[in-house]
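S.K.: Each chain, letter by letter, is given below.
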Amino acid sequence: MFEKILANVESKNPLVHNITNYVTVNDCANIILASGGSPIMADDIKEVCDITSICSSLVINMGTLNERTIKSMIAAGKKANELNHPVIFDPVGAGASGLRNETAIKLLEEVKFSTIRGNISEIKFLATGGGNTYGVDACEADRVMEESLDSVISFAKSFSQKTGSVITITGAIDIVTDGNKTYIIRNGHPMMSKITGSGCMVTAVIGSYTGANPDNILDSAAASVCAMGLCGELAYKKLVEVDGGTNTFRMLLIDYMSKMNAEMLKAGAKIEIR
Amino acid sequence: MFEKILANVESKNPLVHNITNYVTVNDCANIILASGGSPIMADDIKEVCDITSICSSLVINMGTLNERTIKSMIAAGKKANELNHPVIFDPVGAGASGLRNETAIKLLEEVKFSTIRGNISEIKFLATGGGNTYGVDACEADRVMEESLDSVISFAKSFSQKTGSVITITGAIDIVTDGNKTYIIRNGHPMMSKITGSGCMVTAVIGSYTGANPDNILDSAAASVCAMGLCGELAYKKLVEVDGGTNTFRMLLIDYMSKMNAEMLKAGAKIEIR
Amino acid sequence: MFEKILANVESKNPLVHNITNYVTVNDCANIILASGGSPIMADDIKEVCDITSICSSLVINMGTLNERTIKSMIAAGKKANELNHPVIFDPVGAGASGLRNETAIKLLEEVKFSTIRGNISEIKFLATGGGNTYGVDACEADRVMEESLDSVISFAKSFSQKTGSVITITGAIDIVTDGNKTYIIRNGHPMMSKITGSGCMVTAVIGSYTGANPDNILDSAAASVCAMGLCGELAYKKLVEVDGGTNTFRMLLIDYMSKMNAEMLKAGAKIEIR
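Residue numbers (this note's numbering), protein chains in the order written: chain A, 1 to 274; chain B, 1 to 274; chain C, 1 to 274.
Quick caveat, the hints were computed from the structure, so don't treat them as lab data. Quick caveat: nothing in here was measured; it's all calculated off a predicted structure. Among the clues, some could well be false.
If several chains are the same, the list does not tell them apart, and a pair holds so long as it fits within one copy or across any two.
Stated by the list, open to error - With a straight-line Cα cutoff of 30 Å, these simulated DSS-like cross-link-like pairs (lysine-lysine) come out:
| no. | residue 1 | residue 2 |
| --- | --- | --- |
| 1 | K194 | K4 |
| 2 | K194 | K12 |
| 3 | K157 | K259 |
| 4 | K238 | K46 |
| 5 | K194 | K259 |
| 6 | K46 | K194 |
| 7 | K71 | K259 |
| 8 | K106 | K4 |
| 9 | K194 | K79 |
| 10 | K270 | K4 |
| 11 | K157 | K46 |
| 12 | K46 | K78 |
| 13 | K162 | K112 |
| 14 | K237 | K71 |
| 15 | K46 | K79 |
| 16 | K71 | K238 |
| 17 | K238 | K194 |
| 18 | K4 | K266 |
| 19 | K162 | K238 |
| 20 | K157 | K270 |
| 21 | K238 | K106 |
| 22 | K46 | K106 |
| 23 | K162 | K270 |
| 24 | K78 | K157 |
Same shape as in the complex, but just chain A (with noise of 0.2 Å):
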């Protein structure tokens, strides 16, 4: 499958409308430009619709909300709805605070999502209105584990088929699934969890390969999910040479995607189908 997902991108260079956070923008955008896509960020009420429209896909991402986004997040999410562009959710730290909660539950009752990307935490609060939340990262206790992977499996689908989205789970094992096929992959590296923005930069990847393969979103999301993986544990292994940090680890992670072809990915994609 990465051949085609990858050869799309390359010859679409999709357009991705981007209503994101402040915190990690910068890389999300950096991403796309690197995984073959364009970035575009608007937030404006008066221009997202415009913007979406020019758009192949685009990517709303809760980080760091406020009530003027939230709007233009309804408004440009509609306009994807009704010109069939694919949508791609990021409910970052639902969970952790009412404003968070609403928005979240809101944007699901009033937009379509091709694919909603998370770690467990904030998807179990998207399914269930409740569930623990440490911040912006997954619970301890709700880390997914070999030994409660067929109970997050069956999850993941019960809520990919309620709301007819692709749900992608990351975290140390992660999760794709469109409620009837289910991917599992074991890239990644733990030092990506030592970084801002490896959850929001995923997310904008899907974005990116979504937008030019709008017909497949499952593997969009999947071989997102590889592609971003593979680069952590590329990144790592090239930082141990260099006897680097954190931050040049991160300065990796984006090399690697903008090296990252169709040939590595296969050669390095740790994907099970189930």
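Keeping the supplied structure of chain A fixed, place chains B and C upon it in accordance with the hints.
M.R.: Below, chains B and C alone, put in the same frame as chain A:
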């Protein structure tokens, strides 16, 4: 010309007020410091006049517009005009949305710009109120090539005469003109379009150089474009040595700006006068 | 003192709520992670009280103020006070505009700060309501030198006694005092002033260290300043080896924070008690 421009930056350490976007703001601040200036970012209507009053120049970048900051841009621009401070305009994404179009036109009406810097699509939009834009990047059809160079030069000169601003069009070939004298600059590297912020950073450096050389607006813009392009070339050369990707390139670009001096610039500038 | 401070950060992994500027926010998030904490950025009035309630400390940084976030700063600060969470204040650019001045004064009136960290010009402004500021950097005339050290110490002690806050003045020589005990710190490197965010990052690390050591506010601030300064020294040493520029320096600075431990800090700290 480079010696004088850079000597003034070094001796004056110009304070540059930026009303800019949240995508590339950190890179802009860092490249202003690297170029020898001091950045200050402030966009609230209640402080922009105070801030611009203590600065040497003002950079207005419309990368992520919102209603709140548009008012601040106009107020700060008028104040800077009143104080005779150079004002630099980067019409990011002009042509991509109604809001950007109206704002660009309104800014041109209300504020007198020393220099306007954009890609060819953005500048064409400003000049004609039409044209094509592909998000925040130039349209393929618009790229400045050797064969279209003469017509682009005469377009830029005429727009400069109309606005009284130095017009700076960056791309594969860069054009800097005050309507009379025109510089053609062939520095740079294609990888500059694979990172976000290359354009914003050139504009930021123009803010720094012009802030220290308010009586030499044309040469300040030309020197900035040469310096930035040369940094791109040097960064790419080093990148090949270290086998890096796009994010290492971005770091090296700012690194080289911090090492730039008049000798390097004189030796490396590919600049022609017409 | 370093062992205990760092051991608590490691074991508690403090969640740090930041209401901060959009220029250096990514660096602040990354250095909090590198220091052993977890950052969460949230500035909307509708969620800041929720967010601060689940955190260990709150950092208020007024680098890019606007009316919306000023209200959030006050609400979050009061809530954190109520919950007895440490609140750290970085009065970026105090003295540079009426809005910053009024906001700084209002924050001092409404919120009880555990620690206030700024350059000498900013702290002088807070203490006297006057003084000079050169943008967001300290005035030349204000630099803390050996000859002015004694008078700056007694100024800092008296301001600490007045406010009940630990006062942290960073510059060529750093001063950290609780009005009684004073640390003089001589770590650091001049290149730290050639990148944006050095000051904001120290404040962020104070948020992380103090969040894990709420009963040891003075030592937490001193350890943060030592750690950051030592990172600057190590980064510069490595920078010379790799022949890098300012942006490589910035990356290395965060890298070394991710490698910092009590042994390194004990060996490298240039700290004196008065």
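S.K.: Each hint should be assessed against the structure and marked as holding or not.
M.R.: Each hint, compared with the structure:
1. K194 x K4: Only across copies: K194 and K4 sit 22 Å apart there, 32 Å inside one copy, limit 30 Å.
2. K194 x K12: Answer is between: at 15 Å across copies they meet the 30 Å cutoff, but 33 Å inside does not.
3. K157 x K259: neither (33 Å within a copy, 40 Å between copies)
4. K238 x K46: Neither way: K238 and K46 sit 44 Å apart in one copy and 43 Å across, limit 30 Å.
5. K194 x K259: both (22 Å within a copy, 12 Å between copies)
6. K46 x K194: between (37 Å within a copy, 28 Å between copies)
7. K71 x K259: Neither, since 37 Å and 42 Å both go past 30 Å.
8. K106 x K4: neither (35 Å within a copy, 45 Å between copies)
9. K194 x K79: For K194 and K79, only the inter-copy Cα distance (28 Å) is at most 30 Å; the intra-copy one is 36 Å.
10. K270 x K4: within (18 Å within a copy, 41 Å between copies)
11. K157 x K46: neither (37 Å within a copy, 33 Å between copies)
12. K46 x K78: both (14 Å within a copy, 24 Å between copies)
13. K162 x K112: within (12 Å within a copy, 48 Å between copies)
14. K237 x K71: neither (43 Å within a copy, 46 Å between copies)
15. K46 x K79: For K46 and K79, the Cα distance is within 30 Å both inside one copy (13 Å) and across copies (26 Å).
16. K71 x K238: neither (43 Å within a copy, 45 Å between copies)
17. K238 x K194: both (16 Å within a copy, 22 Å between copies)
18. K4 x K266: Answer is within; shortest intra-copy Cα gap is 12 Å, inter-copy 47 Å.
19. K162 x K238: Close neither inside one copy (42 Å) nor across copies (51 Å); limit 30 Å.
20. K157 x K270: Within. Shortest intra-copy distance 20 Å satisfies the 30 Å Cα cut-off; inter-copy 57 Å does not.
21. K238 x K106: Neither. Shortest intra-copy (43 Å) and inter-copy (49 Å) distances fail the 30 Å Cα cut-off.
22. K46 x K106: both (20 Å within a copy, 15 Å between copies)
23. K162 x K270: within (28 Å within a copy, 60 Å between copies)
24. K78 x K157: within (25 Å within a copy, 43 Å between copies)
In terms of the numbered hints stated before, the structure departs from hints 3, 4, 7, 8, 11, 14, 16, 19, 21, listed from lowest to highest.
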